[in-house]
Amino acid sequence: MDFELTDEQKMLSETVTRFVAETYDFLKREHALRSADGWSREAWAALAEMGLLGLPFAEEDGGFGGSGVEMMLIMEALGRGLMVEPYFATVVLAGGVLRHGASAAQRGAIVPGLIAGERILALAHDEAGQARHTLAARTSARPSGDGWIIDGAKIAVIHGRSADTLIVSATTGEGLGLFLVDAKADGVAIEAARGYDGVPVASVRLNGVAVGADALVGGAGGGAAILERSFDEARAALAAEAVGAMAETLDVTVDYLKTRQQFGVAIGSFQALQHRAVDMLMQVELSRSMAVLAALSLDGDEDQRRRNIAAAKAQIGKSGRMVGQDAVQMHGAIGITAEYKVGHAFKRLTAIDALLGDRDHHLTRLVELGGVYPAE
Amino acid sequence: MNLEFTPEEIAFRDEVRAFFREALPDDLRRKMINREHLEKDDTVRWQRILNARGWAVTHWPVAYGGQPWTPAQRYIFQEEMALAHAPEGSPFNVNMIGPVLCRFGTDEQKRRFLAATANIDIWWCQGFSEPGAGSDLASLKTSAVRDGDHYVLNGQKIWTTQAQHADWMFGLFRTDNSGRKQQGITFLLLDMRTPGITVRPIETIDGGHDANEVFFDDVRVPVANVVGEEGKGWDVAKHLLGSERSGIARIGLSKERLSQLRSLERRLAAEGVLTPAERERLAFKLAEVEVELRALELTQLRVVSADAHGGGANAAASILKVKGTEMQQRMTELVLELAGPAGLATAGHDWLAAAAPFYFTMRKVSIFGGSNEIQKNIIAKTMLGL
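Chains as they are written, first to last, in the UniProt record's numbering: chain A, 1 to 376; chain B, 1 to 386.
For the record, the hints were derived by calculation from the structure and aren't laboratory data.
Errors might be hidden in some of the hints.
Below, computed lysine-lysine pairings styled on DSBU-like, alpha-carbon distance capped at 35 Å [unchecked claim]:
hint: 1; chain 1: B; residue 1: Lys255; chain 2: B; residue 2: Lys181
hint: 2; chain 1: B; residue 1: Lys110; chain 2: A; residue 2: Lys318
hint: 3; chain 1: B; residue 1: Lys181; chain 2: B; residue 2: Lys31
hint: 4; chain 1: B; residue 1: Lys181; chain 2: B; residue 2: Lys141
hint: 5; chain 1: A; residue 1: Lys28; chain 2: A; residue 2: Lys10
hint: 6; chain 1: B; residue 1: Lys110; chain 2: B; residue 2: Lys141
hint: 7; chain 1: B; residue 1: Lys381; chain 2: A; residue 2: Lys28
hint: 8; chain 1: B; residue 1: Lys31; chain 2: A; residue 2: Lys258
hint: 9; chain 1: A; residue 1: Lys10; chain 2: B; residue 2: Lys181
hint: 10; chain 1: B; residue 1: Lys255; chain 2: B; residue 2: Lys285
hint: 11; chain 1: A; residue 1: Lys347; chain 2: A; residue 2: Lys28
hint: 12; chain 1: B; residue 1: Lys364; chain 2: B; residue 2: Lys31
hint: 13; chain 1: A; residue 1: Lys10; chain 2: B; residue 2: Lys31
hint: 14; chain 1: A; residue 1: Lys10; chain 2: A; residue 2: Lys341
hint: 15; chain 1: B; residue 1: Lys381; chain 2: A; residue 2: Lys318
hint: 16; chain 1: A; residue 1: Lys258; chain 2: B; residue 2: Lys381
hint: 17; chain 1: B; residue 1: Lys238; chain 2: A; residue 2: Lys258
hint: 18; chain 1: B; residue 1: Lys40; chain 2: B; residue 2: Lys364
hint: 19; chain 1: B; residue 1: Lys232; chain 2: A; residue 2: Lys347
hint: 20; chain 1: B; residue 1: Lys255; chain 2: B; residue 2: Lys31
hint: 21; chain 1: B; residue 1: Lys381; chain 2: A; residue 2: Lys341
hint: 22; chain 1: B; residue 1: Lys238; chain 2: B; residue 2: Lys255
hint: 23; chain 1: A; residue 1: Lys10; chain 2: A; residue 2: Lys258
hint: 24; chain 1: B; residue 1: Lys110; chain 2: A; residue 2: Lys258
hint: 25; chain 1: B; residue 1: Lys40; chain 2: A; residue 2: Lys318
hint: 26; chain 1: A; residue 1: Lys347; chain 2: B; residue 2: Lys141
hint: 27; chain 1: A; residue 1: Lys258; chain 2: B; residue 2: Lys364
hint: 28; chain 1: B; residue 1: Lys141; chain 2: B; residue 2: Lys364
hint: 29; chain 1: B; residue 1: Lys238; chain 2: B; residue 2: Lys381
hint: 30; chain 1: B; residue 1: Lys141; chain 2: A; residue 2: Lys318
hint: 31; chain 1: B; residue 1: Lys181; chain 2: B; residue 2: Lys285
hint: 32; chain 1: B; residue 1: Lys31; chain 2: B; residue 2: Lys141
hint: 33; chain 1: B; residue 1: Lys364; chain 2: B; residue 2: Lys110
Model the full structure from these sequences, guided by the hints.
Here you go:
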């Protein structure tokens, strides 16, 4: 039992954290949000340059074979900067499907471009009218010649508008299948929207989209298992991102408490606010513990992985809300202005709770799994 | 980073587990499971069993009977003790006066008291709080006035846990009023049979008698019983209150209570006392508690790991205290909710009868040892710089 980082991991963490602090301040982020893409190609190229886009991919695919811990360190740093670039969408989420489901040929065709920062991927899974979080899809894929014809509609596709390649979930008759779809293919219509957290999302319509046999990732019924594994990895990443956003929120808030004067003194001298800040700190630390647990659980026993990830997601949902709400409250009216970072962190933390199953979803899941601690 | 215990740590855990299974008397285990009140003799008996094995005072310096364990081993020992339903030894002996005497005691004091303290040949109580000095401990007033080779004590202590059983008291007394209030406090040891001491019981809301008032009326204490220097008692007390970090969140206790809560729930469901809707609601609440307990457990382990890597003392112990006590209290709340009207009668010896007293008595854990509000003040100052 040991929670120390290796020297290499410490260096990775420091490097990425410094990169975010020095190149991605709040004004840069605002600028990126207002651009046509809604994110910064320049920042993305820098992440590629640093090798971060290849971190979780196997060395044979051109990556670095990084573990959950390294992913945690990167996501925490990106979370501190509230980075809106497609790291989660492309490297973590869609990348997870490639890592856990794609053939060597598929990976060879896609991963190098992804790692180089030249190809954006997005996972198109959620649908209107479905359960809020489910491994099922109504979008259909029917065999046609050697390939498939896909029909359906997807919502909340993170970075869908920027994607070069979509990974689309669809029911095949044998279960859930996952398909690589060129975003410019005939029959694909993408409507962009802006998430309340700043991250671009899109609705995607697939109208008789024809893809080849080589578009199917895994078997025709293997999609749910691939998604489940990828989603757990993505939840671990979100937990780390949430820790970064919470830690940043706490730091900004504590600075504010030290400088903001009311009644002739810094408001941080008021015990009511001190205790509230301490409550925030405790939520950050509990969340950090669960992010570590999640990162360390990814390659272990499957049953434990499910429990630990669900517990982590439930914890950050609660903590993120508390930290965000308290930070806004303690800033007073400044906390609810769009010009101030804290409100944006609050929104991102809110979105993180909603993604891939919210707190209630995962608490219910834990009940189904028999609790956090396996019965002895 | 590695979540798993090492093979050595697992071997240690198995050794500890086997010992608790064999050495803990059945009647004691049953009392602990049923939440019965422990008599003085129960605690003494068990601490002597532990002491015979060399495990009564494991975190004392090795020279005085401690064990050269790693922080992880200390954590495992505490957790296994709780999971085995073993009582903890007397905290006043084991966690308070023992370490203080090891650090500040004279050779004569060490010779006279340490072995007897480890074996509970002396039962200690703590005389810190006074009616006007709780969280603001330094404002204490009970006076010790020098008279030749003695101090003469006058005043009152309060909330003195188990003073009715105590052979000796360690306490803080005011020997000088002239400086800052933290100065002029002296740490004294005194024989409870000294003339002039009156112990009066305080009944608490759980119906129990653990707390007492202690009155001092011209009580004469030898000057040789000062620990540290006259007037420097505050430093000694701070050392004493600097918590032992490896088990402060009491994760093992909460885990043990959680598993008992689950078995009680199953029993009540089998008896038809709980409706399916109630079971569903309770299962959700338990999941909430479990998530937080897991988060706290990992936080505790992070502190243990940092300690093993030479991480110094910091306010993390305060976080563990606050969240750990909240968690323990939450467990008792859930038991009480689960008991419902069956928990109204406090007679008998099982969880239902103990549910209410347990709930009421556990309100104390966020008050004593530095209230959770005081802990938050410490965290705000030392970790947030507020």
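Results for each hint:
At most 35 Å may separate the alpha-carbon atoms for a hinted pair to count; Lys255 (chain B) and Lys181 (chain B) exceed this at roughly 41 Å. Restraint check: the Cα-Cα separation between Lys110 (chain B) and Lys318 (chain A) comes to about 50 Å, which exceeds 35 Å; the hinted pair is violated. Simply put, Lys181 (chain B) and Lys31 (chain B) have alpha-carbon atoms about 44 Å apart, too far for the 35 Å limit, and the pair is violated. Between Lys181 (chain B) and Lys141 (chain B) the alpha-carbon distance is near 10 Å, which keeps this suggested pair within the 35 Å criterion.
Of the pairs offered as hints, the one joining Lys28 (chain A) and Lys10 (chain A) holds, with about 26 Å between alpha carbons and a cut-off of 35 Å not exceeded. A distance of roughly 28 Å separates the Cα atoms of Lys110 (chain B) and Lys141 (chain B); the hinted pair therefore holds under the 35 Å criterion. In summary, the hint linking Lys381 (chain B) to Lys28 (chain A) is supported, as the alpha carbons are separated by about 33 Å, within the 35 Å threshold. Of the supplied pair hints, the one linking Lys31 (chain B) and Lys258 (chain A) is violated, its CA atoms being roughly 51 Å apart against a limit of 35 Å.
Under the criterion of a C-alpha separation no larger than 35 Å, the hint pairing Lys10 (chain A) with Lys181 (chain B) is inconsistent with the structure, at around 45 Å. For the hint pairing Lys255 (chain B) with Lys285 (chain B), the CA-to-CA distance comes to about 15 Å; that is within 35 Å, so the pair holds. Of the pairs offered as hints, the one joining Lys347 (chain A) and Lys28 (chain A) holds, with about 18 Å between alpha carbons and a cut-off of 35 Å not exceeded. Taking the CA atoms of Lys364 (chain B) and Lys31 (chain B), the gap is near 21 Å; set against the 35 Å cutoff, the hint holds.
At most 35 Å may separate the alpha-carbon atoms for a hinted pair to count; Lys10 (chain A) and Lys31 (chain B) exceed this at roughly 49 Å. Among the hinted pairs, Lys10 (chain A) with Lys341 (chain A) is consistent with the structure: their alpha-carbon atoms are about 26 Å apart, no more than 35 Å. For the given pair, Lys381 (chain B) sits about 25 Å from Lys318 (chain A) by alpha-carbon distance, which is consistent with the 35 Å threshold. Taking the CA atoms of Lys258 (chain A) and Lys381 (chain B), the gap is near 12 Å; set against the 35 Å cutoff, the hint holds.
Between Lys238 (chain B) and Lys258 (chain A), the direct Cα distance comes to roughly 28 Å. Compliance with the 35 Å bound is thereby established for this hinted pair. Only pairs whose Cα atoms come within 35 Å are accepted, and Lys40 (chain B) paired with Lys364 (chain B) is accepted, the gap being roughly 20 Å. The hinted pair formed by Lys232 (chain B) and Lys347 (chain A) fails the criterion: a straight-line CA distance of about 52 Å is larger than 35 Å. Restraint check: the Cα-Cα separation between Lys255 (chain B) and Lys31 (chain B) comes to about 18 Å, which is no more than 35 Å; the hinted pair holds.
Note on Lys381 (chain B) and Lys341 (chain A): the hinted pairing holds, with a Cα-Cα distance of about 25 Å set against a maximum of 35 Å. Using a Cα cut-off of 35 Å, the hinted pair Lys238 (chain B) and Lys255 (chain B) holds, with the two alpha carbons roughly 30 Å apart. Note on Lys10 (chain A) and Lys258 (chain A): the hinted pairing holds, with a Cα-Cα distance of about 29 Å set against a maximum of 35 Å. Restraint check: the Cα-Cα separation between Lys110 (chain B) and Lys258 (chain A) comes to about 47 Å, which exceeds 35 Å; the hinted pair is violated.
Of the pairs offered as hints, the one joining Lys40 (chain B) and Lys318 (chain A) is violated, with about 43 Å between alpha carbons and a cut-off of 35 Å exceeded. A distance of roughly 53 Å separates the Cα atoms of Lys347 (chain A) and Lys141 (chain B); the hinted pair therefore is violated under the 35 Å criterion. Of the supplied pair hints, the one linking Lys258 (chain A) and Lys364 (chain B) holds, its CA atoms being roughly 33 Å apart against a limit of 35 Å. For the hint linking Lys141 (chain B) to Lys364 (chain B), the alpha-carbon distance of about 24 Å falls within 35 Å, and the restraint holds.
Restraint check for Lys238 (chain B) and Lys381 (chain B): the C-alpha separation of about 17 Å stays at or below 35 Å, so the hint holds. Our distance criterion of 35 Å between C-alpha atoms is broken by Lys141 (chain B) and Lys318 (chain A), whose separation comes to about 45 Å. Annotation: proposed proximity of Lys181 (chain B) to Lys285 (chain B) is violated, straight-line Cα distance about 46 Å (limit 35 Å). A hinted pair counts as satisfied when its Cα atoms are at most 35 Å apart, and Lys31 (chain B) with Lys141 (chain B) does not qualify at roughly 40 Å.
Distance check on the hinted pair: Lys364 (chain B) and Lys110 (chain B) sit about 32 Å apart at the alpha-carbon level, within 35 Å; holds.
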